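Number of protein chains: 4
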Amino acid sequence: MLGTFQENDQVLLITQKGNRYFFTLRTKRRYHTNEGSFDADAIIGKIEGSEVISSTGQKAVIFRPTITESLLFLPRKTQITYPKDLGFLIAVTGLGPGSRVIEGGTGSGVLALFLAWHVRPGGKVYSYDIDDEFFPAIHRHVENLGLSDVIELKKGDLSISVEENNVDVFIADVPEPWKTVESAYNALRPGGMYAAIVPTIEQLIKTSTALKTSGFFEYISGELFFRPWRVKEGMSRPHHKMRAHTVFIIVGRKTMIKDTTLWSLKLPDGYR
Amino acid sequence: MLGTFQENDQVLLITQKGNRYFFTLRTKRRYHTNEGSFDADAIIGKIEGSEVISSTGQKAVIFRPTITESLLFLPRKTQITYPKDLGFLIAVTGLGPGSRVIEGGTGSGVLALFLAWHVRPGGKVYSYDIDDEFFPAIHRHVENLGLSDVIELKKGDLSISVEENNVDVFIADVPEPWKTVESAYNALRPGGMYAAIVPTIEQLIKTSTALKTSGFFEYISGELFFRPWRVKEGMSRPHHKMRAHTVFIIVGRKTMIKDTTLWSLKLPDGYR
Amino acid sequence: MLGTFQENDQVLLITQKGNRYFFTLRTKRRYHTNEGSFDADAIIGKIEGSEVISSTGQKAVIFRPTITESLLFLPRKTQITYPKDLGFLIAVTGLGPGSRVIEGGTGSGVLALFLAWHVRPGGKVYSYDIDDEFFPAIHRHVENLGLSDVIELKKGDLSISVEENNVDVFIADVPEPWKTVESAYNALRPGGMYAAIVPTIEQLIKTSTALKTSGFFEYISGELFFRPWRVKEGMSRPHHKMRAHTVFIIVGRKTMIKDTTLWSLKLPDGYR
Amino acid sequence: MLGTFQENDQVLLITQKGNRYFFTLRTKRRYHTNEGSFDADAIIGKIEGSEVISSTGQKAVIFRPTITESLLFLPRKTQITYPKDLGFLIAVTGLGPGSRVIEGGTGSGVLALFLAWHVRPGGKVYSYDIDDEFFPAIHRHVENLGLSDVIELKKGDLSISVEENNVDVFIADVPEPWKTVESAYNALRPGGMYAAIVPTIEQLIKTSTALKTSGFFEYISGELFFRPWRVKEGMSRPHHKMRAHTVFIIVGRKTMIKDTTLWSLKLPDGYR
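Residue numbers (my numbering), protein chains in the order written: chain D, 1 to 272; chain B, 1 to 272; chain Y, 1 to 272; chain U, 1 to 272.
Worth flagging that the hints you see were computed from the coordinates, not collected in a lab. Since we're looking at a predicted model, the values are computed, not measured. Just so you know, even glycine gets a beta-carbon here, dropped at the ideal spot from N, CA and C. Certain hints may be false.
For the chain U half of the interface with chain Y, some residues (derived, Cβ under 7 angstroms), not all of them [unchecked claim]:
| no. | residue |
| --- | --- |
| 1 | F22 |
| 2 | R26 |
| 3 | E51 |
| 4 | V61 |
| 5 | K124 |
| 6 | L224 |
| 7 | G270 |
Straight-line alpha carbon distances no greater than 35 angstroms define the calculated DSBU-like cross-link-like pairs of lysine-lysine that follow [unchecked claim]:
| no. | chain 1 | residue 1 | chain 2 | residue 2 |
| --- | --- | --- | --- | --- |
| 8 | U | K28 | U | K17 |
| 9 | D | K241 | B | K241 |
| 10 | B | K46 | D | K241 |
Chain D extracted, bound-state conformation (with noise of 0.2 angstroms):
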């Protein structure tokens, strides 16, 4: 039947206490959890959001995982990139389907897989990084989303060796991205989205800075803050722990003019 699981499909199994396990499906195998093992041949042939039992009875529903998820479990050395934070980087830019981005450091891919997945077809991803180590493994993940088209793994330095021009958005998501944004400019086209992504507050203040005196609007510098609830009728309330802070985001515009420290760009609405 249509949409039902197959051999080779990604898996994100849910149990009832709320743990969640990521797999590919490869008959006559069975994955261990904290709370027993579940039989892939129990799932093959079975839709998405039906129930399936662990062998010591414990209760789990499957799901085929939604691309922000399946990022999430992607192997890496460096820190998570937060969905609030991609779907901003989305958002603030304007690109869709058909945009042409460059960005890096390329890491784990995560970013870069993400944005390709939203600027096909048509659209590309020119994702930098100097040291290549992990694009053989992101090179699979390439392939198993479909995305060979829309993606290119470069090596190189942001900040010396952008070969492309025209570009509608730049992205850095390196630890000196104020070192970038003199090849952001000539990279990107008029009116071209610069965003840089930063763990401190001295990389932002930095960053922000390089910006208005390379032909940038500061458009956007700010934080955001994910609060999750937990809904119980009666006795609802925030969850007790959230994420204090994953990164700062910077964004520029770039402009005809060449210093605009003395330009005092409000607040949008959408941003107050």
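Following the hints, position chains B, Y and U against chain D.
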């Protein structure tokens, strides 16, 4: 020259004082602002990011609005939808090019147009509203944005009359989203995503509760804050004011289990 | 020497790894921690802020706990009350030395002791609980803190049996604070302040609603977030995790008007 | 009757539309507001919480301002200090009746008066400012609040000329608090608390860094948000706007260790 402003283009004009104006270019027109008037003919032929001067000598820069910016300028009766929330809906539901989405109430069309922009080509947004008063105005924007193939405006009540099925995502932006949960269940494909955006906490509680007894996992419930920063070297700080609240977002996922009240989903990675 | 540690003093010991231990000094004792044991006799005679060394060579510094710190270390069944919320209650109600306060449920006594510390001398805290199980333990802390004249523990139900009147402040930390609104009205002096602290949003809504129909202005309702920062030059950022929620706080003020539902109080300066 | 309004009393008048007015009662005066004028003689003799009517028929209620409210109405050149921050300073430093505190810059006196109110009787606030321009105005408030024995205004520079020693708490509300760290160390008793409140992140970083190399533990650094809620049954939600930023707060504690850079203090309970 490729990419220069032409008649009928949309213009986002930002003055040196930081005010933003939005208009459609018509030859021989002047655009009046608090900082003097701007001459259409001086804009036509210019590239994005160029500086223009008002009748009173004020400087400004001209851009094409991004999709998100153009939606923020749509006339509307209802409250603005914020970029942070729009982006989050994309990231959390996993929708992208090719996705089929039911959405409503249409209202001013902001959410429908944003979603349509991101599911093109090949995807579809079926946008329902019980009141078709704004449909003609929205149709003009659909034309301008080249989204005619992607969006379908339908007069009808999300909680009663949904005609599509096997859709990937169902988004309710209506006063009583808990009443749409049953029709959403019928319209969604197995594993499909439901999202509601609501201003009040009582709506959050009712919708979350309805999901759990109607075949959905309550995947995630919460709210986003955007906190803007004002960077000046040596004097950097957050802005003084921020938005304390836009909407609560509730995300559910269709399962084959009728009642998920006893399933205690943990906050997944990326949301905690 | 004046101010040196003596037998029976309370000690807050902080190790170089950042762990905190709290104990009462007894001669010839050793205090065991994960970082080795500390010798009481090596602490006695030292001044605050001095370095001491554990049996395994780990460094630590010794302090006297502040009132707030000593309360955080009280054994308790119920949830901790946070410094941010304790301080806010003082600031928003205007209580200080000399104030007469009714408070309950006593619980572990944290709030009662904190308030007593701040209304001494001359003030009084009448702390009610329907269960006097913890009263003996609290009495010991009352003695240690020298608060015997200031605090009175009373077995009784805040919503029924309040005996005092003309008090300045009434603070309800009970599961159903809306049931205390009437007895609070009777106990408070004209213009007196009512405050409730509640974990759930339903309690916030019920209490706020009860206040407005029982002779109170709803002065302010809201919640506080504390966001910690981790400063290292060149790598400064907020901590990764924070508390997403402790309590909602509702503050009312006694008026001579029965129903204030139609009075639309604006957020005062200092709260917006 | 005891507690009724008399000539020279301070009045906080809140209208039904929610506006707040603050004045000192003088017989035969009228107080003019946007909602008509109020007659002093109609207020004299009334108790707190009573309703009064303006010349145009608008209703209002009269209160005595709390200490916190009266400080918010002080004329000032500098930025308001928020109740959330005032309360936090009390809770985190552990100051209370009897404490000896050095504070500065005095500015409009808000912080000094608030602290004085809470250390009386027996305590003392030494408030320093390099500019004594506001001292006469502040002295009047000191008289009105009966704080003459508790507060001492001193012309001088916190970073140079502090005369007191063995104080319990030292609070710096000055542009360069890192320059006060050394004089604070000399003025504080062992184990004494240092706190700085600063608007910018660069000040936070410099002050935190200075503390760690000057004999202090950096106890806690962070910021507080107050998020107001607007409760109406069935339509409850946070207010739309909130304060995004007031100040960063840095709290240190005096040790006998010169350099604490290598001590990695964890966030204590109550702050995480």
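Against the structure, the hints:
1. F22: F22 (chain U) check fails; min Cβ-Cβ to chain Y is 10 angstroms, beyond 7 angstroms.
2. R26: violated, 21 angstroms
3. E51: holds, 6 angstroms
4. V61: Since chain Y brings a Cβ to about 5 angstroms from V61 (chain U), closer than 7 angstroms, the hint holds.
5. K124: Not OK, violated: K124 (chain U) not within 7 angstroms of chain Y, min 14 angstroms.
6. L224: At about 6 angstroms, which falls below the 7 angstroms cut-off, the nearest Cβ of chain Y leaves the hint on L224 (chain U) intact, so it holds.
7. G270: Holds. Min distance 5 angstroms.
8. U:K28 <-> U:K17: Distance of about 25 angstroms is within 35 angstroms: holds.
9. D:K241 <-> B:K241: holds, 24 angstroms
10. B:K46 <-> D:K241: Since the Cα atoms of K46 (chain B) and K241 (chain D) sit roughly 51 angstroms apart, the hinted pair is violated (cutoff 35 angstroms).
Comparing the model with each earlier hint shows violations of hints 1, 2, 5, 10; every other hint is respected.
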